[in-house]
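Letter by letter, the chains look like this.
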Amino acid sequence: MAPPDDDSVPKPLLPQLSRRAFFKGAGASALSATLAPSAHAADPSPPVLGPEPAPLTLSINGRTVTVQADPATTLAELVRNHLGLTGTKIGCDRGACSACTVWLDGEVAASCMTLAFDARGRKVTTIEGLAKGEALHPVQRAFVENDAMQCGFCTPGMVMSCAALVDRNPKCTLDDVKQAVSGHLCRCGTYPNVFKATLAAAQGGGKAKGNT
Amino acid sequence: MQSFEWVDAESVEHAVSLLGEGSERQPVVAKAGGMDLLDLMKNGVMAPRRVVNIKTIKGLDGVRFDAKQGLELGALVTLARLSREPEVRKRFVALADAAEHAATPQVRNAATMGGNLLQRPRCWYFRYDHFHQAGGDAVERVRSGENQYHAIFDNQRTVMVHASTPATALVAYGASVELTGPGGKTRVVPVSEFLLPPDMKRSTDTSIAPNELLTRVRIPAPAAGTKAAYHKQGERESYDWPICDVAVVLRMEGRTIRQAAIAMGWVAPTPRRAAEAEKLLVGKTLNEELARQVAKAAVNGATPLSKNAYKVPVLEAVVRRTVLAAAAA
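Heads up: the sequence lines are chains A and B, in that order. The numbering of the first sequence is the UniProt record's numbering, which starts it at 1 and goes up by one. The numbering of the second sequence is the UniProt record's numbering, which starts it at 1 and goes up by one.
No lab work stands behind these hints, which were simulated from the structure alone. Be aware that a few hints might be false.
Calculated cross-link-like contacts (lysine-lysine; reagent style PhoX-like; alpha-carbon spacing at most 25 Å) [said to hold, decoys possible]: (1) K123(A) / K58(B); (2) K171(A) / K196(A); (3) K227(B) / K284(B); (4) K55(B) / K123(A); (5) K196(A) / K178(A); (6) K196(A) / K132(A).
Stretch-level coverage of chain B by chain A, calculated; a stretch enters the list once three of its residues show a Cβ under 8 Å from a Cβ in chain A [as the list claims (entries may be wrong)]: (7) 28 to 39; (8) 100 to 106.
Note that the Cβ used here is the ideal one computed from N, Cα and C, for glycine as well.
Just chain B, same shape as in the assembly (with noise of 0.2 Å):
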């Protein structure tokens, strides 16, 4: 790993400032728990010239929930925390879930909800950076070779997916992000829209602008007879990389579904909707043939890669259960 200069921003401005000085020449990043930023650094795939510490602003690890505001998570709250907040364990258990099972007890500790976000895809291409100097295009190498954790949906262009677990159940939860650029200036984009397909190319894979700090996430309050569940299917119990995982909120009135939200990580360039399936739950009630026939529609359409297709019956078999987890909780 390269040295770099290190600063302690004392505020989200002074942290924008800086990162403002940044050019493609002489990257400036930000760091809060640096997870990600350091395997990155280590792999050669990136070389800062200068790392802003956010972690010493003040005001930036908050969680609050109001019944009118919805919830507000501060974007150095961890993943830990996220965890284990009450509030957040009670009322959107698919995020809690989402946060416990990401990676390990040490890294949660250290990890923020913010970097969460912001992190690159886990593509062993794209951690390599040979790839980022060879000038080929890395997604046809990626296509003809070592495809079995990439995308089996929405895979023309990319195939790698979004890295992050806790923003598969976000996008379910329909929450924002908040972004603080100069002057204070903020502006609100769903999880949905700034999540973009990851690029190797760019420096980001969401739509962060360089001079924009991440500086808090917001979920609506979910309305009265909402549940959700999450699970995250793996290789193995213990801490790995999804194969997928899967997030659902649904509104019940009783017995009867109102609303539903199914949200599908790491099968597609970013979480993706399955908007078929969560039409076929409005206005019933849940059974297995039911969830059987959602599951089936939620796969419906895949594209698998020449080494990825077991993904399409796993990812059928998680969303199956999920929705009749949530419809039970």
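With the rest of the complex left out, here is chain A (with noise of 0.2 Å):
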């Protein structure tokens, strides 16, 4: 049994009934709240934000949206719980399996261990933002020609990982994408399956960017 937040049927970027229309209306009360005087009443320091939910504007596979989340929001619980991209995976919640590595203007980040507050600003890549349209990325392909997992549950932060590979050296070596995975656990042990794609998308040589 597929578990419900793993279909392929592309979800609305901001669920119906989502947290952030519930956010939206708790939020205004608190935050008149938390931008009363600060320590730095007299000084024009910049505002206090939280620990009640403040907005934060980001870029998410190319869309600008601005969400309400509290400060001790991680990225990853952004993307899954506010945004409904559930694409991106938590596995250890700790930086230390990398299942929710995102690119962040471009760059593998662990989610997990990144502040939604730290991507005020800027561009944040999911493995929902990796494809053009019904177009997979080469990576994305390759995976799936190469049998490259099997729970599936690190895949996405191992596409995201390897994508970035390819993207930025498409002459990668095997060296190159065991480095790359190296934060990556498989529990199912995927490993030289990932290699073979990775090199194999890396030789097919297409580079189709994510819309980021």
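Put the two chains together into one complex; each comes in its own frame, and the hints tell you how they fit.
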């Protein structure tokens, strides 16, 4: 039984009855309270945000969105819970398994260890933003063709790291691929096919940038 | 993770004044990459009331090399950048290698030089909030418990080891940190003195004051004939915390070693210089036999715990190989 959050039907970026809508209402009153006098009432210091939800704006897969989140929200929680983009997986939640890998301004980032506020004004690309419409990124296609997954939980993160490598260095070697996935834990042991798939994608030479 | 207040610091001065408002009951902490801070907050070891985001401070992410002044690294330089920066690679290869082998590519893209030095120990007792609340002596629990990754030297008072691996290279290079306090007053402290034996009861394992910000790291310009090497030994090739790591910096005249620094990380509460071993190298030409003697001297006096005696021969081998690698560099 596939878990319902993993289906292939593209999800709306913002669910209809969303946490966002809830926080938007709930946060407004709380926000005005936090913006009240800070310890720096005299000088025009930047506002104190939180601990209640506050608005933040970032680009997700090419779309600029404004979300209400409290400062303790991680980027992984933001994309999954607030934006409904559940392709990004949370494994260890400590930056040690890399299942949560996304691109932050084109560079791989552990979204579970990135506070959502640190992504303000930045370009976030998740696994949902990698394909161009129906056309998969060459690394995604190569993962399918080379059977580079088993249970699939580490796959979105693996794909993000391998796609970043192939986009940056289409002439990457096996050692480069090993280095790129050195932070990824795959308990099914799919590494050999991940290496094969990534090298195949690189040799195919197809560069298809995600819509960042 | 408990929520907190967030303030974007506009300047070092602003950050320092915000940090100065903190107290034990209302902790205020600085955040750069946030890697260690998030780990501690998620584990319930830290619950700051306010987080000061110092990533918004301009001018703290520079890498500058000057033949006289040496290398100056802003506290916000990431480990990824440190590992790639041409001046660092060319002149301070042990530091570049240490940065390259720390954590994962994802973490290196966010983790900063300053945050790396200020991170708390990886000891699994330390990382578990229970042992912070229990009030008992956690050190004694480790001593009779799961201590396979703990100290094999200087472990009478504490058995925890400092987590930073770039620190091992920085100690070998004789680096210092610049700390900025109220009124823009700075003080410069050698990394070897800055790092303190980890202590669960303190809120830092360094000599930084609560109202100070680590602003820069400085390394003196290397003398002509300087060669260096670094090796981190883990249980596996890919990402892992070390069993030990070793940085060796040699000043050579032809094939003769004039000066030697051997720093060993993750084997003592703070990176340990192998003083006796260094002396054996001075005035000599390195060969396999000398490297063997040096490595033996480096592990002399080790006092391993119940489960980490294996670290002694591992460290000995890593010292021997790293000394040979430095001379051949």
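Pair hint K55(B) and K123(A), alpha-carbon separation not exceeding 25 Å: holds, 17 Å
Restraint check for K196(A) with K178(A), where alpha carbons must lie at most 25 Å apart: OK: K196(A) and K178(A) at ~11 Å, within 25 Å.
Holds or violated: K171(A) to K196(A), with C-alpha atoms at most 25 Å apart: Since the Cα atoms of K171(A) and K196(A) sit roughly 14 Å apart, the hinted pair holds (cutoff 25 Å).
25 Å limit on alpha-carbon distance, applied to hinted pair K123(A) and K58(B): holds, 20 Å
Coverage of the region 28 to 39 of chain B by chain A (three or more Cβ within 8 Å): holds (count 5)
Agreement of K227(B) and K284(B) with the hint, judged by alpha carbon distance not exceeding 25 Å: This hinted pair holds, its Cα atoms lying about 15 Å apart.
25 Å limit on alpha-carbon distance, applied to hinted pair K196(A) and K132(A): holds, 23 Å
Claimed coverage, the region 100 to 106 of chain B by chain A - three or more beta carbons nearer than 8 Å: It holds, with 4 qualifying residues against the three required.
Consistency with the previously given hints is maintained throughout, with no hint failing.
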